[in-house]
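Visitor: In order, the protein sequences belong to chains A and B.
Counted the way our numbering counts, the first sequence spans residues 1 to 159.
Counted the way our numbering counts, the second sequence spans residues 1001 to 1154.
Some clues are possibly wrong.
As the list claims (entries may be wrong) - Residues from chain B shown here face chain A by an in silico Cβ test under 10 Å; the list is partial:
id: 1; residue: Trp1012
id: 2; residue: Ser1028
id: 3; residue: Met1031
id: 4; residue: Ala1032
id: 5; residue: Val1035
id: 6; residue: Val1046
id: 7; residue: Trp1065
id: 8; residue: Val1126
id: 9; residue: Val1139
id: 10; residue: Ser1142
id: 11; residue: Ile1145
id: 12; residue: Arg1149
The hints are simulated quantities; they were obtained by calculation from the structure and are not laboratory data.
From a predicted model like this one, the values you see are computed outputs, not experimental measurements.
By construction, the Cβ of each residue, glycine as well, lies at the ideal position given by its N, Cα and C atoms.
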Amino acid sequence: MSILDWIAANLGYYVYAFPWTWPIMETIHFFGLCLLLGGLIIIDLRLLGVNRIIPAITVHDLLPIVIFGFGINLITGVLFFVGDPHRYAPNIAFQLKMVLVVLAGLNALYYQMNIAPEIDGWTERTEIPMNAKLIGATSLLLWFGVLSYGRLIPYMGTG
Amino acid sequence: MEWLESSAFAEWVRTSFIGYPMLLTLHSVGMAIMVGIMFVVSLRLVGSFSRLPYVSLEKLISIAWIGFVINLISGAAIFTSQATFYVTSGPFLLKLAAVLVGAALAGYMQPILRREAADWVDSTSVPGNARTLAIVSIVMWSVAITTGRFTAYL
């Protein structure tokens, strides 16, 4: 018995225990993505030099809702997988989405280590370093990729 | 509605390999931009993210409109594919109402922020009605997300 069979047989039932579980989880997943992307769009655009009126350091106030949105979607995402592991595991859109999530995580790690400590002193006129611009642009591309592949899971077939 | 649904364009949305998935994906991208940014703007007005300047909110709403336009276009295209269903769907009609009120609020708040936000020094100087509108905005977009998702199920 594969791990996917085991998950489906032993845990999947609970995800389907109530008739409205699935659409409710999807709705929560959408709330999570709006919080995650809403905060990130503002942070990443500021890294690209958009809305310089926002002192760069203050975009860090948005990190809690970004992380909260990610947390909501990690939990609901795991529940989707547990509820229907044989559909998700071989699905190419799901696989690509997971790859992009990991890359986005590495991108965020680079930001935390190399850019976040620097932005405290940035003013409206500070020339933004090229690596910060690249990190902002990469983050936007990766997360909109995550969103797009997620939405395409039902349409991109399996395998 | 029957005429709209039987148009060549509606047929393409329904049956082409990329039409419907592409429009749904665009619609989720537009949602993330419009609703995501309006959540941030509204939460700022009720006291969150205390260092984010009030004067920036008007500019953030300008960016949110990009998402709104994406969704107006993608939403209209999706609508054509099953027009006769959508006009009788309770969740869809509720969603449409919530989106219209949410967008009207964003359009109403933007010039107020442009004129007045520079005078707001901290959360105590935000007028009470701006806070109320922000809460209504959060509720409207929440209703829109929920009823939008449930349109596919009810």
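Visitor: Confirm or reject each hint.
Guide: Hint by hint, here is what the structure shows:
With 10 Å as the threshold, the beta carbon of Trp1012 of chain B stays out of range of chain A, its nearest partner Cβ sitting at about 16 Å, so the hint is violated. Interface restraint check: Ser1028 of chain B against chain A, minimum CB-CB distance 5 Å, threshold 10 Å, status holds. With its C-beta approaching chain A no nearer than about 7 Å, Met1031 of chain B sits inside the 10 Å limit, and its interface hint holds. Nearest Cβ of chain A to the Cβ of Ala1032 of chain B: about 4 Å, under the 10 Å cut. The hint holds.
Checking Val1035 of chain B against chain A: minimum C-beta separation of about 5 Å stays under 10 Å; hint holds. Annotation: Val1046 of chain B was flagged as interfacial toward chain A, and the flag is violated, the nearest CB pair being 13 Å apart, outside 10 Å. For the restraint placing Trp1065 of chain B at the interface with chain A, the shortest Cβ-Cβ distance is roughly 13 Å, beyond the 10 Å limit, so the hint is violated. Of the supplied interface hints, the one on Val1126 of chain B is violated, with its beta-carbon coming no nearer than about 16 Å to a beta-carbon of chain A, more than 10 Å.
With 10 Å as the threshold, the beta carbon of Val1139 of chain B stays out of range of chain A, its nearest partner Cβ sitting at about 13 Å, so the hint is violated. This hint holds: Ser1142 of chain B has a C-beta 7 Å from the nearest C-beta of chain A, less than the 10 Å allowed. Contact between Ile1145 of chain B and chain A, as hinted, is supported at the beta carbon level, the nearest pair being about 5 Å apart and thus within 10 Å. Because the smallest distance between the Cβ of Arg1149 of chain B and any Cβ of chain A comes to about 5 Å, under 10 Å, the interface hint for this residue holds.
Checked against the numbered hints above, the structure breaks hints 1, 6, 7, 8, 9 and satisfies the rest.
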